[in-house]
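With the numbering used here, letter number 74 in the sequence shown gets 74, and the count goes up by one each step, no holes.
Hints were generated in silico from the structure; no laboratory data involved.
A portion of the hints provided could be inaccurate.
Straight line, CA to CA, 27 Å or less: simulated BS3-like cross-link-like pairs of lysine-lysine [stated by the list, open to error]:
#, residue 1, residue 2
1, 82, 154
2, 82, 176
3, 176, 154
4, 82, 140
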Amino acid sequence: MLPVLRTDRLCLRPVVAGDLPEITRLIGDFAVSRMLSVVPHPYSVEDAETWFLQTEGQTGNGERVFAIELDSRAAGAVSVGKPAEAPEFGYWLGRSYWGRGFMTEAGRAALAWLFETTDTQTVMSGALDENTASLNVLSKLGFTGAHTYSLSVKSRGETLPGMRVQLSRERFETLKGGAS
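Using the sequences and the hints given, assemble the complete structure.
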């Protein structure tokens with residue numbers, strides 16, 4: 001079972017079945033799903049249930065997903081991917097939570113947990129070129145080494161240009177105290 005992580009404003013905790021209606025509503029907003037590679041649009045409760053069953057409680061060989069809780073409800077999710085040489089860091093927030101630094105705060109907590117509890121040396125991530133907010137979050141978290149790649153976006157039925165980045169344990173530790 002994943003731990004509960006607390007930041008100044010957020011609680012990161014395992015996703016529970018009771019979160020699924022709110023997750024469906026938030027990620028079902030095309031403004032959110034259009035920036036995510038594997039999320040269909042429209043997004044149904046059945047889609048949320050399938051995703052939940054794939055990720056529920058997985059801390060070993062599965063995707064490790066934390067619900068981002070704000071005001072006692074799910075506001076989004078952050079994942080540190082499947083254990084691998086370089087696991088994938090992914091995230092999303094409901095539109096009403098954008099622009100207030102929540103994702104950087106949640107991401108920093110999830111990455112700190114990953115580096116403190118595993119021997120992971122490098123984490124990979126990426127975002128669409130047009131998703132400047134997400135690219136800014138990755139930059140604030142210390143991800144570097146941007147190179148272009150193509151990202152298949154299920155909700156749009158298109159392959160679009162994106163930026164692929166990485167974060168080393170050493171860089172994260174160096175920036176942990178000073179990154180904003």
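Hints versus structure:
1. In summary, the hint linking residue 82 to residue 154 is supported, as the alpha carbons are separated by about 21 Å, within the 27 Å threshold.
2. Annotation: proposed proximity of residue 82 to residue 176 holds, straight-line Cα distance about 23 Å (limit 27 Å).
3. At most 27 Å may separate the alpha-carbon atoms for a hinted pair to count; residue 176 and residue 154 exceed this at roughly 34 Å.
4. Proximity of residue 82 to residue 140 is assessed by CA-CA distance (about 23 Å); at most 27 Å being required, the pair is judged to hold.
The structure is inconsistent with hint 3 alone, although it conforms to all the rest.
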